[in-house]
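K.L.:
One-letter residues, chain by chain:
There are 2 protein chains.
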Amino acid sequence: MQTVKGKVTIPTDESFVDGTKEIAAKWGADAVRDCDGTVLPKNAKDLGKVYNTYFIVRGDNDWARKHPEEAQRIFLLSERVLATENSVDIPFMNGFLRDEFDPDYTNADRWEVYDRTVGEKVSDWTVDKKTHVITVKNAEKMHEYTVSFMARITWHPVQVYNYITNNWTCEKQLTYDPAYPNTKEYIKRHMREWCEENKDTSVVRFTTFLYQFTLIFNEQGKEKYVDWFGYAQTANPVLMDEFEKETGIKLCAEDFVDCGHYNNPFRSPAEKMKKYSDFVQKFVSDTVRELVDICHEYGKEAMMFLGDDWIGSEPYGKYFGNMNLDAVVGSVGGGVTVRMLSEIPHVKYTEGRFLPYFFPDTFFDGNENNAVAELNRNWLTARRAHMRKPLDRMGFGGYLSLAAKFPKFVSRVTDICDEFRAICDAVGKNKPFTTVKVGILNAWGSLRSWQSHMVAHELWYQQIYSYQGILEALSGLPAEVEFLSFDDVRDGVPKGIDVIINAGDAYTAFSGGREWLDVKLQTSIREFVYGGGGFIGVGEPTAVSANGRYFQLADVLGVDEEIGFTLSADKYNIQKVKHELTDGLKEIDYGEDKKNIYALPESKVLDIAFSDRFKRNVNVGEVKIAVNEFGKGRSFYITGIPYSFENSRLLYKALMWCANKDLHCAYSTNINTECNYYPSSKKYAVVNNSAAEQTTDFYDVNGKKQTLALQPMEIRWITAK
Amino acid sequence: MQTVKGKVTIPTDESFVDGTKEIAAKWGADAVRDCDGTVLPKNAKDLGKVYNTYFIVRGDNDWARKHPEEAQRIFLLSERVLATENSVDIPFMNGFLRDEFDPDYTNADRWEVYDRTVGEKVSDWTVDKKTHVITVKNAEKMHEYTVSFMARITWHPVQVYNYITNNWTCEKQLTYDPAYPNTKEYIKRHMREWCEENKDTSVVRFTTFLYQFTLIFNEQGKEKYVDWFGYAQTANPVLMDEFEKETGIKLCAEDFVDCGHYNNPFRSPAEKMKKYSDFVQKFVSDTVRELVDICHEYGKEAMMFLGDDWIGSEPYGKYFGNMNLDAVVGSVGGGVTVRMLSEIPHVKYTEGRFLPYFFPDTFFDGNENNAVAELNRNWLTARRAHMRKPLDRMGFGGYLSLAAKFPKFVSRVTDICDEFRAICDAVGKNKPFTTVKVGILNAWGSLRSWQSHMVAHELWYQQIYSYQGILEALSGLPAEVEFLSFDDVRDGVPKGIDVIINAGDAYTAFSGGREWLDVKLQTSIREFVYGGGGFIGVGEPTAVSANGRYFQLADVLGVDEEIGFTLSADKYNIQKVKHELTDGLKEIDYGEDKKNIYALPESKVLDIAFSDRFKRNVNVGEVKIAVNEFGKGRSFYITGIPYSFENSRLLYKALMWCANKDLHCAYSTNINTECNYYPSSKKYAVVNNSAAEQTTDFYDVNGKKQTLALQPMEIRWITAK
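Chains as they are written, first to last, in the working numbering: chain A, 9 to 729; chain B, 9 to 729.
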């Protein structure tokens, strides 16, 4: 057992003090936290640093009840209602959870009724405030109408799900908004009082900041709409008016509801809403800063939980540093979430909550092996990212007494904690050796670093995992990753970038949509590749139908998509060729794949699928992978690339090939293994990501090879000669 | 053997006169035709009517050589060339077959150079006529440039393929264009001379009219571009100038090359080109009429071959009748081609050429059973359509002496000819009983009746068969079929239509693309369905991204497509329900299918596929079939529906269900069988489409049931009581 301990947070409970001490010793824990339904021991400070959760905009229903006009606001879009007569009634609360939202008639002048069939606002309507029904007069028959109405948020959305699922009967938590000066003063006062009362607390863990991400429930209390990035709940009249004063831009309901899409991150961001988001960020930052200053005054650290009411805090935005936070904590689902946390700037430390949570759904009699397996799975996936940029601390949540009943589990966590600290020691704050610099190009750029192609936090969606695989792979690859917006490259790709990646479905903010009609963007990327740069396209890169093409950079990529307009043009490039990139790969997983991709004559087809319905030598086959040479540069196209060991390796090989670099540099050949090199400590780490023994050829930075046999999950540290 | 004979055309040859007589007697043939490489017997007239092929705009190279300026013209789009300096050279003939096209420098003022990156014409260029290179000056670096140049067609495209494939050495056939008055006079003179010389000919079979469909070969003599509907070769300067005089519309090269898409039928037709096509149709009709009049003057019939130079003749267009043709002949690939021919108005008779052709590739020793199988396959597929609207005549092509060596084949053709005549007798010119009236709605409407979703004539393309299956099914179903353009329904769906079908990929002319932004179109269809009409959508019906929807009639269809903007909206309607439409169907074939279709809450999901990667109770699954109720109307959606017995039955059931009609009326339950009813002759025909015995329940128009056992391929004629 190592002597250096620390960097680990564990949950504890007043009824499990001795057990906590025992396990803390094994795991080297130096901090304790409370958990839903538990109470910290009286002498918690003896166990290490003490984390306490804190809520800013909910939790004090007395305050909320006294100031209902200061509740948080949202613009909601009603269901569409078909006009079958010249007048149509819209019961606009239909489909919404009555307890979550209350129509805000005091702001009825901000409501909008739309004829959605033509996409135009109509003004001839009246509202019945008792029944919550809007009647549109002089409606056009067979047109559909909607109401975009402002509502007060009368039940904090995060409480709704647990409440309903678990049949809670406690009081429903109301909300209040510090955009109102009265509430602003109140939350500062409350913060100070809380600090006074909680002397033992070393770390104030802000479970909520000011605004919850968009989370709307339907009338049955089931989730209706979720967007982890959504600013819908920032539609506060005070903020909107101040924004107008500052910028001259008057926001209307439609700006927020956006035809029902609520500006989710897959939408190419509207200029107005980008500016408003910036304005909200500044407000959140300024407001939170005042609370953080109070914490510091009381000698406490301020920690942000990256999860619920994080909207406007934007850890990669320009106002984040101003909050003067000490730490950020978040849950860890895999490599992407590790990097999303560990790369956050301006904080003293980052911390990750690992899986599994010590809850009875996992920790029940006879399930110990599964618990260990889940622990290993989570750790191995996350470990790849730690090897590149580790979190500063790790931790667990739930009931420690449950975990204590599983000795194999406790023992395995002991090993993992030691391994985690060893990684931190080796990597430290030094940059590991990188072989290639990658720019991820989309509409969001650095603002949403490690956050592309997400809907709800860490939830699986069929339409996204084929792209998320790119970030998951990159989180553990020896590549420097930069997130670039289209604006960042319009006047030229930043120096140092070796390869640009553009990935996503057509017309989304991630592939770019109409951005690609901008000639500056097009020529900038062409210039970059033509001069020797690399370009990787996944899915429908650069896609927007115009000027005879669907992929605007089809010439760079060597492929385009058949959308029905080019069926008449004969396609002969259907021969799969052998290539170093696909050599040795067995079953490439294209995930959701893309249909109807065809190769231009000059590209090389590395994989293609044929229908078994018909055989021809022309106009058949769907390209899956192709490479192209463009001037001195190279491109690589693939239809989809979910995360797997094999896909991750393919992506890495493609990066190195597109960058025209030697693959066999700090490289481990076996796809179950990876190699990291730390120049400052002159150490290589050859990592076995699998639960089986592996043999691999390892090449150092000079291309010198040795063959290694690795134990399951082993990290082999090798000192450079 | 039946005594009534006739209605059959066979090929013959001077060396096979006795054999011809023998087979003619068996098959009841009453007409003979020549074939490539054969010579008609001297006394051909004794064998029946004599068909002779005739070419209008090719075949006389002397004339063509004397008048090279009267050759046919086309605008060709060069390959795209990237400007890497401020000046860029475009060797514009690259990629084209030098023998097929000659740059027409006399019309260089009509050429256009485009910056395709921005989609703008540029004017600063010079051309080197010796090397066929255009140099663009003041080019923008990293932009792509093209040349749209006029070319003389110096080798008739139809001859190119055979010539190159078979290593022919004969003279290459030049072209000439009767748009030039000189050639116009010549073709009339030639027609007259030919009639004088060919006294025995009863039927002038016009293999070509005036303009070949778009058929471009590359520098290796391989097909580069093919569009069976393409008007590219009608880009004659005389016609263009006359069109301008008549309409005031000046056409430019870009109008024809259309970013390289050449206005193929999958493109929503541009208004200008619709008008020009109309103008060309009138010209073709007027010109051919003059030749037809000459044929009639000599007592000969004029027959059009619907295949090669048919552009501008448009059998379903408004000028077709004016040509005063006697007949149309075409080859028969299945039910659709039968109906495409048999429904042509304004002619005395229609004729179909059946498969297999009597060529050595099928008629070689030991292959008799395969020849019979191909014959049966072709006949059974076509027969479904004959039962609805028969051709007036059938025929075969190739070398009759080859077929004569296969007695089983000869015998089976004997049966088929008898069956064909029996069908003609029963159906006659009377309309069979129809249970439902269907409107196929696309941008082309009746002009392209039975011609939707085709690229090259009868060729298989992966992107079209899933839609073509609709027409193939309909060709044999007891449905009245009308082809409607969007203009036809904008002010209301024509009376009598029970169900509208909209089918195709998004943004194509077949689904409609931006047409669906027209509020009149949207409300007209909504009104129709709301009032009790039916709507069937296949693939991406009504798709165009706008106003928060992808399928503009998602409310009618009950489904929409996830294109990435609505991932945040939770989708709970993922439960497959039992339904009469899918009841009993075993393996529905969705062909190329569509991904990411989801059901709106109110619709019923009849089939849905789930990824095996993840299980959830929300936001998973891809809908394949859904039905919806909309007002008094109903809709049916399916992702794709290639032709098969099962799919054809599904479509029929969907039609009847959407139209709210009783299925069990003149209906045969077994999907291998179908029922037709002929009120004028009071006969039912229950047809076994399969090569196996079948048992089925047959319902007459009064719903009275009887059970029938049918022999393989049998037609059971049942007299109505």
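Because the hints were derived from the structure by calculation, they are not lab data.
As the structure is a computational prediction, the values presented were derived from the model and not from experiment.
Where hints are given, some of them may not hold.
For chains that are exact copies, the list does not tell them apart, and a pair is met inside one copy or across any two.
Said to hold, decoys possible - Using 20 Å as the maximum straight-line C-alpha spacing, the simulated SDA-like pairs for lysine to any residue come out as follows: (1) K603 - E570; (2) K579 - F63; (3) K579 - R275.
K.L.:
Next, verify each hint and record whether it holds.
P.N.:
Hint check:
| no. | hint | in the structure |
| --- | --- | --- |
| 1 | K603 - E570 | both (8 Å within a copy, 15 Å between copies) |
| 2 | K579 - F63 | neither (61 Å within a copy, 31 Å between copies) |
| 3 | K579 - R275 | between (33 Å within a copy, 19 Å between copies) |
Violated hint: 2 only; the structure is consistent with all others.
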